[in-house]
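**Q** Below, each chain spelled out in residue letters.
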Amino acid sequence: MGLVINNLTKSFGKGDIETQVLKGIDMEVGQGELVILKGASGSGKTTLLSIIGGLLSRSGGDVSLNNDDYLDIKQKDLTSMRLKGIGFIFQSSHLIPYMKVIDQLAFVGEQAGLTSKDARQRAEKLLKEIGLGHRLKAYPNVLSGGEKQRVAIMRAWMNAPVMILADEPTASLDAKRATEVMGMIRDNIRVNNSVGLMITHDERLFDYADRIYTLEDGHIAPEKKNEEKEPVYN
Amino acid sequence: MKLALRELKFYKFKYVLVTLILFLLAFLVLFISALAQGLAKENASGVEAWNQEYFVISEGVDDSLTQSNIEEQLDRIEGITDEGHNIEFSANSLTTPESTIDAVFTNTDENIVPQADEGRLPENSDEILLNYKLTDEGYSIGDTVELEDTDVTFEITGFTDDIMYAHTSMAYVTDGGMERLDSTSIAAVALPENMSFISDDINDIQDVKMVSEDDIKQAIPSYQAEQQPLNLMIVFLFIISAIVLSAFFYVITIQKSSQIGILKAIGTKNSELVKAILIQVMLITLTGVVLSVVIMFALNNVIPVSMPFYLNTGLMVIVSGLFLVVAFLGAILSLVRIIKIDPLDAIGGE
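Chains as they are written, first to last, in the UniProt record's numbering: chain A, 1 to 234; chain B, 1 to 350.
Hints in this document: simulated from the structure, not taken from any laboratory.
Just to be clear, a hint being listed does not mean it is correct.
Taking beta-carbon pairs under 10 Å as the criterion, some of the chain B residues facing chain A (in silico) [what the hints assert, rightly or not]:
| no. | residue |
| --- | --- |
| 1 | 3 |
| 2 | 7 |
| 3 | 219 |
| 4 | 223 |
| 5 | 254 |
| 6 | 258 |
| 7 | 266 |
| 8 | 267 |
| 9 | 268 |
| 10 | 269 |
| 11 | 335 |
| 12 | 337 |
| 13 | 340 |
| 14 | 343 |
BS3-like mimics (lysine-lysine), calculated; alpha carbons at most 27 Å apart, straight line [unchecked claim]:
| no. | chain 1 | residue 1 | chain 2 | residue 2 |
| --- | --- | --- | --- | --- |
| 15 | A | 137 | B | 209 |
| 16 | A | 125 | B | 9 |
| 17 | B | 9 | A | 137 |
| 18 | B | 12 | A | 137 |
| 19 | B | 217 | A | 148 |
| 20 | B | 14 | A | 137 |
No experiment lies behind these values; they were computed from the predicted model shown.
Here a beta-carbon is modelled for each residue, glycine too, at the ideal position from N, C-alpha and C.
Based on the provided sequences and hints, a complete structural model is requested.
**A** The structure is reproduced here in structure tokens:
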């Protein structure tokens, strides 16, 4: 169960200029687990994350989430899958500048079919949980970097996604904020029993991961277990 | 809907500026249309006021009523039909204390004379009904007007709006009144609709032909010369509006490409984004157009009667509708762009 990837490949270009970026990836992320994906620049981390998130097509291999081949559907359904099933957290918060904090979350809820009232209630609850109750009516331009990223993280959780995909979510934060945000992400994954996959270079954050995969030259390098904790395979 | 409105609200200044430009363009289009309509009225409203379909006039006078004289052929025309109305024409000048004004005299005979908007139609040979525009020269009911260089005078009994021929005001007098003028002629015989079947018989008469009301209007020398350039200006203003709108929304769309990528990545459907742009374009255009229509109506009340300016409600509705169509066309470029934006752009930073 969880996210299961078998022999995933991805090539760009055709013929002579074809370059294979992912050369047969095998990995698993269980439910309630936070897995960190690290690797040098250009190793294909973001490509891998984009494929898992349904933003990029794959060249070969199988990807399933809780035994569901969720990528093998029409483009339109994939958009809806991204909306309801996957929570994205980006490098910078990427909030919508013209929406108040509460609307950033409520909008995603409404898109997924919640009534305006329900969406606002849930948004308010989530934002209060992370201590942004006093910022509900603020626009992003008055928030600090940490506050923005916290809003972005809660936006990812708005529709109670099965899977959380994060691409260097702490890159724009100082060390104190980074650990704070990391703790929040991990706690949410545990509480909601979500599948969590995160790209990061920041070694200080490795402690938060259940496991760490290293991407090298299109392959997953031998697994490094975090502390002595035995990973949970379902 | 929310997406569109929130954005408009947040970037008020930006969108107010576009609305202002739209408003000015719409205002200019409506103003020029009103001017074109006003000029058309100054040329042809006298002909339209008769409300007749066909006219029998002299051949070889370029369909001009002022040059036409069919007195000699009148008996033969009446031999073919007795439904015609004889139209007498006489170009004269009226003396005012300050200047002289040209006026085309015609007869109140028959039932094709317009009603008096103010006062009443002339009943005696020394009474006259004038075009309303002449009130601007200081004339009012009860005043006496004098023909230039003569002792012939008429007493004004009323005014009617929109009776002009080729930029000259028309004056209605009785048949008896026409006889007091030096030079009068029967310029045409006006025929009501459904008379086209006699056109062959009429055209057989020497030096006479039967033409439509539209032919008479188009033949007025100033009519085409004024309408064509104005209509050209209107067409170009529409094209300019379309280009301004497309350019503006295209630039805005490019500016927020990454934002749209994010919205797509977190699962916003293309249809939602397209809808937002369309709502914005339509709202901005509608605001600009409605504002210009309101100002046009306000202006209509303060513009002097002597100015060729006429608000045609039907035409205003068409022009406003056209503006919405043009705005929609202008938005297409942005829509294509939005659909092409890849949500992948949102991932992996910039």
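**Q** Each hint should be assessed against the structure and marked as holding or not.
**A** Each hint tested on the structure:
1. Of the supplied interface hints, the one on residue 3/B holds, with its beta-carbon coming within about 7 Å of a beta-carbon of chain A, less than 10 Å.
2. Look at residue 7/B: its Cβ gets to within about 5 Å of chain A, closer than 10 Å, so that hint holds up.
3. Proximity of residue 219/B to chain A is violated relative to the hint, the smallest CB-CB distance being about 59 Å (cut-off 10 Å).
4. Against a cut-off of 10 Å between C-beta atoms, the interface hint on residue 223/B is violated, since the closest Cβ of chain A lies about 52 Å away.
5. At about 16 Å, the closest approach between the beta carbon of residue 254/B and any beta carbon in chain A exceeds 10 Å, and the interface hint on this residue is violated.
6. A hinted interface residue such as residue 258/B counts as satisfied when its beta carbon comes closer than 10 Å to some beta carbon of chain A; here the least separation is about 8 Å, so the hint holds.
7. The interface hint given for residue 266/B holds, since its Cβ lies 6 Å from the closest Cβ of chain A, which is under the 10 Å cut-off.
8. Against a cut-off of 10 Å between C-beta atoms, the interface hint on residue 267/B holds, since the closest Cβ of chain A lies about 2 Å away.
9. At a threshold of 10 Å, the smallest CB-CB gap from residue 268/B to chain A is about 6 Å, leaving the interface hint in force.
10. Residue-level restraint check for residue 269/B holds (minimum Cβ-Cβ distance to chain A is 6 Å; threshold 10 Å).
11. Because the beta carbon of residue 335/B sits about 17 Å from the nearest beta carbon in chain A, more than 10 Å, this interface hint is broken.
12. Here the hint on residue 337/B is broken, as its CB sits about 18 Å from the closest CB of chain A, past 10 Å.
13. Restraint check, residue 340/B versus chain A: the minimum CB separation of about 13 Å is more than 10 Å; hint violated.
14. The closest approach between the C-beta of residue 343/B and any C-beta of chain A is roughly 5 Å, which is under the 10 Å cut-off, so the hint is satisfied.
15. Restraint check for residue 137/A and residue 209/B: not satisfied, since their Cα atoms lie roughly 79 Å apart, outside the 27 Å limit.
16. At most 27 Å may separate the alpha-carbon atoms for a hinted pair to count; residue 125/A and residue 9/B meet this at roughly 26 Å.
17. Taking the CA atoms of residue 9/B and residue 137/A, the gap is near 14 Å; set against the 27 Å cutoff, the hint holds.
18. Our distance criterion of 27 Å between C-alpha atoms is met by residue 12/B and residue 137/A, whose separation comes to about 18 Å.
19. For the hint linking residue 217/B to residue 148/A, the alpha-carbon distance of about 70 Å lies beyond 27 Å, and the restraint is violated.
20. Between residue 14/B and residue 137/A the CA atoms are separated by roughly 22 Å; this keeps the pair inside 27 Å, and the hint holds.
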